[in-house]
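A.B. asks: Here is how the chains run, residue by residue.
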Amino acid sequence: MQFGLDALGRRGVRFATKTGGLFLLFGKFVVSLRYLHRSMHLFFIQLYELGVKSLPLIGIIAVFVGAVSAWQAAYQFKFIGAPLRLLGQAVGKATVIELAPVLSAIVFAGRVGAGITAELGTMKVTEQIDALESMGINPVRYLIMPRVLACMLMVPFLVIFANFIAIMGALIVSVLGVDVSSDTFLRGFRDSFKMTDFINGLIKATVFGLTIGLVGCYEGFHTEGGAQGVGKATTTSVVISSVLILVFNFIFAMILFRL
Amino acid sequence: MNEPLIRIKDLGKSFERQKVLDGVDLDINRGESIVIIGQSGCGKSVLLKHLIRLLEPDRGEVLFDGKDVNAVEQSELVQIRRRVGMLFQSAALFDSMTVEENVGLGLRESRKHNEKEIHEIVQEKLTMVGLVSATDKSPAELSGGMRKRVGLARAIANDPEVLLYDEPTTGLDPITADMINSLIVELNTKLNVTSIAVTHDMKSAFKIADRIVMLYHGKVEFDGSPDQVRLTDNAIVKQFITGSAEGPVEVY
Chain A
1 MQFGLDALGR
11 RGVRFATKTG
21 GLFLLFGKFV
31 VSLRYLHRSM
41 HLFFIQLYEL
51 GVKSLPLIGI
61 IAVFVGAVSA
71 WQAAYQFKFI
81 GAPLRLLGQA
91 VGKATVIELA
101 PVLSAIVFAG
111 RVGAGITAEL
121 GTMKVTEQID
131 ALESMGINPV
141 RYLIMPRVLA
151 CMLMVPFLVI
161 FANFIAIMGA
171 LIVSVLGVDV
181 SSDTFLRGFR
191 DSFKMTDFIN
201 GLIKATVFGL
211 TIGLVGCYEG
221 FHTEGGAQGV
231 GKATTTSVVI
241 SSVLILVFNF
251 IFAMILFRL
Chain B
260 MNEPLIRIKD
270 LGKSFERQKV
280 LDGVDLDINR
290 GESIVIIGQS
300 GCGKSVLLKH
310 LIRLLEPDRG
320 EVLFDGKDVN
330 AVEQSELVQI
340 RRRVGMLFQS
350 AALFDSMTVE
360 ENVGLGLRES
370 RKHNEKEIHE
380 IVQEKLTMVG
390 LVSATDKSPA
400 ELSGGMRKRV
410 GLARAIANDP
420 EVLLYDEPTT
430 GLDPITADMI
440 NSLIVELNTK
450 LNVTSIAVTH
460 DMKSAFKIAD
470 RIVMLYHGKV
480 EFDGSPDQVR
490 LTDNAIVKQF
500 ITGSAEGPVE
510 VY
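In order, the protein sequences belong to chains A and B. Quick note, in the numbering used here, the first sequence goes up one by one and the last residue is 259. Quick note, in the numbering used here, the second sequence goes up one by one and the last residue is 511.
If we strip away everything but chain A, and leave its shape as in the complex, we get (with noise of 0.2 angstroms):
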């Protein structure tokens, strides 16, 4: 009993340090956004490799998330009757809201988030981030602020490239599968784009961004013990970005869709 209360405590005592750690590095990131000009190199930089580098791999998760939910919600739509006419209507709202900014999301906490503790994590344990403090650098105005901005302002963007390739997949699923025409479910998504839900879906993007980048970068910077540790503290950011992902998208659903 006494032992099973020693290591419940040492978790709530890691879990509060975490905690805390998360939110004073996000304090210490937007202090250091007032250096922005100094990093802008480094930021475009990360634009590259952490945006313009996932297009590919976010564009084939979109196009067969898209075919697979045309697919699926015909299935659905047979089963009880309810018009093809509509799945326009039904894949184009679970994509805007929901599929396409969660889902884009979580592979880019998968690819983006991974890589960045990985690198910052064997930087830490290489002693490279002691190296540029021990030359005056501050290492969260060079080696943080540039990734979580460049997360912030890509994941919005990636997740506007997957609505249109998933769209473009259910299209082409409807069309030659599904025997719906281009027109009935063009016009079926059309009559329901709310310019509010795709709003909506890329404010949900700009915090998953912000979330993936800081925790990214804050077990990265908290990594120990070479090799191993590097490879522990690549997995436990991906699982706290997801899980955050999901739990952060349910508090935006339960604000922005009051039932």
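If you are wondering where the hints come from, they were derived from the structure by calculation, not from laboratory data. Bear in mind the structure is a predicted one, so any value in this text is a computation, not a measurement. Cβ atoms here follow ideal geometry from the backbone N, Cα and C, with glycine treated the same way. There could be a bad hint or two in this list.
[To be verified] If the Cβ cut is set under 8 angstroms, some of the chain B residues that face chain A in the computed set are:
| no. | residue |
| --- | --- |
| 1 | Ile-311 |
| 2 | Arg-340 |
| 3 | Arg-341 |
| 4 | Phe-347 |
| 5 | Ser-349 |
| 6 | Phe-353 |
| 7 | Leu-364 |
| 8 | Gly-365 |
| 9 | Ala-494 |
Keeping the supplied structure of chain A fixed, place chain B upon it in accordance with the hints.
C.D. replies: Leaving out everything else, chain B in the frame of chain A:
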């Protein structure tokens, strides 16, 4: 009498429950070349990192030119760090950058020089360490000895007053190690710096030191000239410099 450039008072540091430094007192004067020796894991590198606040102590203080490095504002800490150059144990080169970019990074970030000046300074420093031909190489293409020399060039790029060397010869073959030692002696003389090296390599210590300090059980066990080290009756120091497994030294 001149004030010491660096004064360490009652410095204590523990990691988890392990006490690494337990009340270190040490004065380092301007122009001195001090070597701190001790067993692996005795806290030599930890002590070195405290000098520029890469680690923060649990107790005690480090005064750099009269200022407590743990109490100064961030901007003042940056100024102190720019007066110091550090060679890390594994050289800690930035592997995403070329040799030229590694050596020039501190200069670029200090924003005191234009690109032409930076290029000239980098070439000058790389010439001093005999690596001017490696300018465009990435750290992955360099041998251990070359990496240390690039690390040295980076450490001296800003013309520091103080040079810190963390295990400068660890992991190198004896010939390359001796070359690095000679380079350190040459740089210390040529640049007229205060140098503090930590090592467990006694050959290196005797070559570069004009004062040797031994850490044992988190405290200063011995402090004297290389000759005093050779002639000492202190059994712990004697065992360490002869590298014998028999004696009073506890192996961690």
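A.B. asks: Which hints from the list above does the structure break, by number from lowest to highest?
C.D. replies: 9
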